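Assembling the complex is the task here: the two chains are given apart, and the hints tell you how they should meet.
Taken in sequence, the protein lines are chains E and P. Per UniProt numbering, the first sequence starts with residue 1, numbered consecutively. Per UniProt numbering, the second sequence starts with residue 1, numbered consecutively.
Because the hints were derived from the structure by calculation, they are not lab data. Heads up, a few of these hints could be off.
Subject to a maximum C-alpha distance of 30 Å in a straight line, what follows is the list of computed DSS-like cross-link-like pairs (lysine-lysine) [claimed, not checked]:
| no. | chain 1 | residue 1 | chain 2 | residue 2 |
| --- | --- | --- | --- | --- |
| 1 | P | K137 | E | K2 |
| 2 | P | K17 | P | K137 |
| 3 | E | K37 | E | K22 |
| 4 | E | K6 | P | K137 |
| 5 | E | K47 | P | K3 |
| 6 | P | K3 | P | K67 |
| 7 | P | K18 | P | K137 |
| 8 | E | K11 | P | K3 |
| 9 | E | K47 | P | K137 |
| 10 | E | K22 | P | K67 |
| 11 | E | K22 | E | K11 |
| 12 | E | K22 | P | K3 |
| 13 | P | K67 | E | K6 |
| 14 | E | K47 | P | K132 |
| 15 | P | K17 | P | K3 |
| 16 | E | K22 | P | K132 |
| 17 | P | K17 | E | K6 |
| 18 | P | K18 | E | K47 |
| 19 | E | K6 | E | K37 |
| 20 | E | K37 | E | K2 |
| 21 | P | K3 | E | K12 |
| 22 | P | K132 | E | K6 |
| 23 | E | K11 | P | K18 |
| 24 | E | K12 | P | K132 |
| 25 | E | K11 | P | K17 |
| 26 | P | K18 | E | K6 |
| 27 | E | K22 | E | K6 |
| 28 | E | K2 | P | K18 |
| 29 | E | K12 | P | K137 |
| 30 | P | K132 | P | K3 |
| 31 | E | K2 | P | K17 |
| 32 | P | K67 | E | K12 |
| 33 | E | K37 | P | K3 |
| 34 | E | K37 | P | K67 |
| 35 | E | K11 | P | K137 |
Every beta carbon over 12 Å from chain P, so not counted as near; a handful from chain E, in silico [as the list claims (entries may be wrong)]:
| no. | residue |
| --- | --- |
| 36 | K6 |
| 37 | E8 |
| 38 | A10 |
| 39 | D18 |
| 40 | S26 |
Note that this is a predicted model, so its numbers are computed, not measured. Built from N, CA and C at the ideal position, the CB exists for glycine as well.
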Amino acid sequence: MKNTIKVERAKKDLTQQDLAEKVQVSRQTINSIEAGKYVPSTVLALKIARVFGVGLEEVFSLEESD
Amino acid sequence: MKKNSILNVPLLSPGWKKLAYVFFFLPVILIIGLALASPSMDPNSAGEIFYGFWAIGFGILNLTREKVEDEMIRSFRQQAFQTGFFWMIWGLGALMLVNYLIYDRVTTEIFTAYLVLFLLNGYIYGAFQYQKFMVGKEDS
Chain E
1 MKNTIKVERA KKDLTQQDLA EKVQVSRQTI NSIEAGKYVP STVLALKIAR
51 VFGVGLEEVF SLEESD
Chain P
1 MKKNSILNVP LLSPGWKKLA YVFFFLPVIL IIGLALASPS MDPNSAGEIF
51 YGFWAIGFGI LNLTREKVED EMIRSFRQQA FQTGFFWMIW GLGALMLVNY
101 LIYDRVTTEI FTAYLVLFLL NGYIYGAFQY QKFMVGKEDS
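The following block holds chain P by itself, in its conformation from the complex (with noise of 0.2 Å):
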């Protein structure tokens, strides 16, 4: 049966892994250059860089083709968006919560779009490794 072309989601090659775990290392590298550059860099900016670098990480997994991309596989990943989706919801509702009860607001500054991002394909590529991980399990 043929797919909707623009529903298509096309798959990077499994050689692109490579520099995903590159954006995991250069914010260290990065946050420690700056803060010997300048001393009296403000710390929040120093988490938004990590987390920057981070989501473009597990964007990168997340959208990387496994050496066996077949129907299991295929359903696997789109559980784990539905999953990952579904965790942050409710990870960001949590956090909401907390703020609300100790500072007596539902907004702060810790929701930004880099930690957003980062939380969404974090808890997507966790959902994916965990179902990889219990087929496997079962196979052994």
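Chain E extracted, bound-state conformation (with noise of 0.2 Å):
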């Protein structure tokens, strides 16, 4: 699964700490995710887009391997 959360996260000038401060979890985490190294549940990918003010599917997009 890819996604834009770094794309988006420059749009809003965010940090990965800022983010990770806003949807509850540490900054590893959301760098494992930007990386696609690890999957996020759906309501933390909720809780990522909800953030940005995007829909899911702006953020989070299946690929060919998926």
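Next comes the structure, spelled out in structure tokens:
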């Protein structure tokens, strides 16, 4: 699953730490999600999309291999 | 979503890690004390004391909360328990095979509850730390 968290963060001028605090996870978790190493739960994905004020599918999308 | 409370595993506060480390060093002192008090002590008993104390130490570490216990850490913990059990089964299988090839039987005195608990908790701890290391490595 790919995501546009890095792009959305840049738009909102948020650091990984800022986003982590807003969704109540560690910065390492945000970093792992951004790098595609960890797939977040539906609840966390929805929280992240809500922080950016966009729909879930604008942040997360499936890849060919999924 | 609410979880079924019967399946909930309450984790210990991070301060318990200090007690876990005590369990790693305590058998060393205990064995030295016992060896001085009773020089004819069975060497297998010493091994059992080490395995028992280390099993408790690793057990406490495995059930102690991280500073930030978020969903990724929870998924690492679940994976660690699964992987640890998997490694233990195959490890014991390998030991039984070696024992069979050398001594022509699968059972041996070394398979004690203390040893199995030590290996299981040690493998779980290893699998958990490995996942955290991989995340930290990619992070840096």
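Okay, the hints, checked on the actual structure:
Distance restraint check for K137 (chain P) and K2 (chain E): the Cα-Cα separation of roughly 21 Å lies within the 30 Å cut-off, and the hinted pair is therefore satisfied. Straight-line distance between C-alpha atoms of K17 (chain P) and K137 (chain P) comes to about 23 Å, which keeps the hinted pair within the 30 Å bound. Restraint check for K37 (chain E) and K22 (chain E): the C-alpha separation of about 21 Å stays at or below 30 Å, so the hint holds. Restraint check: the Cα-Cα separation between K6 (chain E) and K137 (chain P) comes to about 19 Å, which is no more than 30 Å; the hinted pair holds.
At most 30 Å may separate the alpha-carbon atoms for a hinted pair to count; K47 (chain E) and K3 (chain P) meet this at roughly 20 Å. Annotation: proposed proximity of K3 (chain P) to K67 (chain P) holds, straight-line Cα distance about 22 Å (limit 30 Å). Straight-line distance between C-alpha atoms of K18 (chain P) and K137 (chain P) comes to about 26 Å, which keeps the hinted pair within the 30 Å bound. A hinted pair counts as satisfied when its Cα atoms are at most 30 Å apart, and K11 (chain E) with K3 (chain P) does not qualify at roughly 36 Å.
Only pairs whose Cα atoms come within 30 Å are accepted, and K47 (chain E) paired with K137 (chain P) is accepted, the gap being roughly 26 Å. With a C-alpha separation of about 17 Å, the suggested pair K22 (chain E) and K67 (chain P) falls inside the 30 Å cut-off, and the hint holds. A distance of roughly 16 Å separates the Cα atoms of K22 (chain E) and K11 (chain E); the hinted pair therefore holds under the 30 Å criterion. Between K22 (chain E) and K3 (chain P) the alpha-carbon distance is near 24 Å, which keeps this suggested pair within the 30 Å criterion.
In summary, the hint linking K67 (chain P) to K6 (chain E) is supported, as the alpha carbons are separated by about 25 Å, within the 30 Å threshold. With a C-alpha separation of about 23 Å, the suggested pair K47 (chain E) and K132 (chain P) falls inside the 30 Å cut-off, and the hint holds. As the CA atoms of K17 (chain P) and K3 (chain P) are separated by approximately 27 Å, the hinted pair is consistent with the 30 Å bound. For the suggested pair K22 (chain E) and K132 (chain P), the alpha carbons sit about 22 Å apart, so the restraint of at most 30 Å is met.
Distance hint between K17 (chain P) and K6 (chain E) is unfulfilled; the C-alpha atoms sit about 35 Å from each other, more than 30 Å. Straight-line distance between C-alpha atoms of K18 (chain P) and K47 (chain E) comes to about 35 Å, which puts the hinted pair past the 30 Å bound. A C-alpha spacing of about 14 Å is found between K6 (chain E) and K37 (chain E), which places the hinted pair at or below 30 Å, so the restraint holds. In summary, the hint linking K37 (chain E) to K2 (chain E) is supported, as the alpha carbons are separated by about 10 Å, within the 30 Å threshold.
Between K3 (chain P) and K12 (chain E) the alpha-carbon distance is near 34 Å, which puts this suggested pair outside the 30 Å criterion. With a C-alpha separation of about 22 Å, the suggested pairing of K132 (chain P) with K6 (chain E) holds against the 30 Å cut-off. About 44 Å separates the Cα atoms of K11 (chain E) and K18 (chain P), which puts this hinted pair outside 30 Å; it is violated. A hinted pair counts as satisfied when its Cα atoms are at most 30 Å apart, and K12 (chain E) with K132 (chain P) qualifies at roughly 29 Å.
Distance hint between K11 (chain E) and K17 (chain P) is unfulfilled; the C-alpha atoms sit about 41 Å from each other, more than 30 Å. Proposed proximity of K18 (chain P) and K6 (chain E) is contradicted: the alpha carbons are some 38 Å apart, above 30 Å. Proposed proximity of K22 (chain E) and K6 (chain E) is supported: the alpha carbons are some 15 Å apart, at most 30 Å. The hinted pair formed by K2 (chain E) and K18 (chain P) fails the criterion: a straight-line CA distance of about 40 Å is larger than 30 Å.
Between K12 (chain E) and K137 (chain P) the alpha-carbon distance is near 27 Å, which keeps this suggested pair within the 30 Å criterion. Straight-line distance between C-alpha atoms of K132 (chain P) and K3 (chain P) comes to about 25 Å, which keeps the hinted pair within the 30 Å bound. For the proposed pair K2 (chain E) and K17 (chain P), the alpha carbon gap of about 37 Å is over 30 Å, so the pair is violated. A threshold of 30 Å between alpha carbons decides the hint, and for K67 (chain P) with K12 (chain E) the separation of about 28 Å falls inside it, so the pair holds.
Distance restraint check for K37 (chain E) and K3 (chain P): the Cα-Cα separation of roughly 26 Å lies within the 30 Å cut-off, and the hinted pair is therefore satisfied. A C-alpha spacing of about 21 Å is found between K37 (chain E) and K67 (chain P), which places the hinted pair at or below 30 Å, so the restraint holds. Of the supplied pair hints, the one linking K11 (chain E) and K137 (chain P) holds, its CA atoms being roughly 27 Å apart against a limit of 30 Å. Look at K6 (chain E): its CB is around 14 Å from the nearest CB on chain P, clear of 12 Å, so calling it non-interface holds up.
Interface exclusion of E8 (chain E) from chain P stands, the closest Cβ pair being 19 Å apart, more than 12 Å. Interface exclusion of A10 (chain E) from chain P stands, the closest Cβ pair being 19 Å apart, more than 12 Å. Listed as outside the interface, D18 (chain E) is consistent with that label: its C-beta sits roughly 15 Å from the nearest C-beta of chain P, beyond the 12 Å cut-off. Its closest Cβ contact with chain P, about 4 Å, brings S26 (chain E) to no more than 12 Å, contrary to its assignment away from the interface.
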